[in-house]
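Per the UniProt record's numbering, the sequence shown starts with residue 1, numbered consecutively.
Any given hint might turn out to be false.
[What the hints assert, rightly or not] Here are the in silico distance ranges between beta carbons for each label pair:
no. : residue 1 : residue 2 : range
1   : Val-2     : Val-59    : 18 to 28 angstroms
2   : Ala-39    : Gly-110   : 40 to 50 angstroms
3   : Glu-37    : Ile-119   : 34 to 44 angstroms
Source of the hints: derived by calculation from the structure; they are not laboratory data. Computed from a prediction, not measured in an experiment: that's the story for all the values here. Backbone N, C-alpha and C fix where the C-beta goes; we use that ideal spot for every residue, glycine too.
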Amino acid sequence: MVIQRLDNVGIVVADLDAAIAFFVELGMELEGRTPIEGAWAQSVVGLDEMRSEIAMLRVPDGPGRLELASYRSPAPVDVGLGTAPSNTLGLHRVMFAVDDIDDTVERLRGHGAELVGEIARFEDAYRLCYLRGPEGIIVALAEELG
């Protein structure tokens, strides 16, 4: 058995519209948005009476996708990582390669993003930073140098 691909990374958010706007500003493209509920969904995520809405975003011309989910029922909880249930807010971090880290940071500030530390240089290879985005999600950015 061989893994075919990494299909997507899922992040639970309270404000789906704000999260979509943030990741679209980053450069992702919204593929679609739909409600998810019913017995099949409940059996997959292990939550009774589950009702949510998801938005699927993709990296332009690339295989990477991000699934944003907002739970209406049961209400989302913030208990941290580890043994947290499927509707836990946040994620440690998700990283994107960008062509201009300064421009990207400036654009995302318009959507409430704040640098966690600062933009740093790793040898002559990368400029890197962590931003805190919607729902406290840490978004890492990497600009390849040379």
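Verification of the supplied hints:
1. Val-2 to Val-59: 18 to 28 angstroms: Once the Cβ atoms are compared, 23 angstroms apart, the range 18 to 28 angstroms for Val-59 and Val-2 holds.
2. Ala-39 to Gly-110: 40 to 50 angstroms: With a Cβ separation near 41 angstroms, Ala-39 and Gly-110 satisfy 40 to 50 angstroms, so the hint holds.
3. Glu-37 to Ile-119: 34 to 44 angstroms: holds (42 angstroms)
Hint check: no violations occur; every hint is consistent with the structure.
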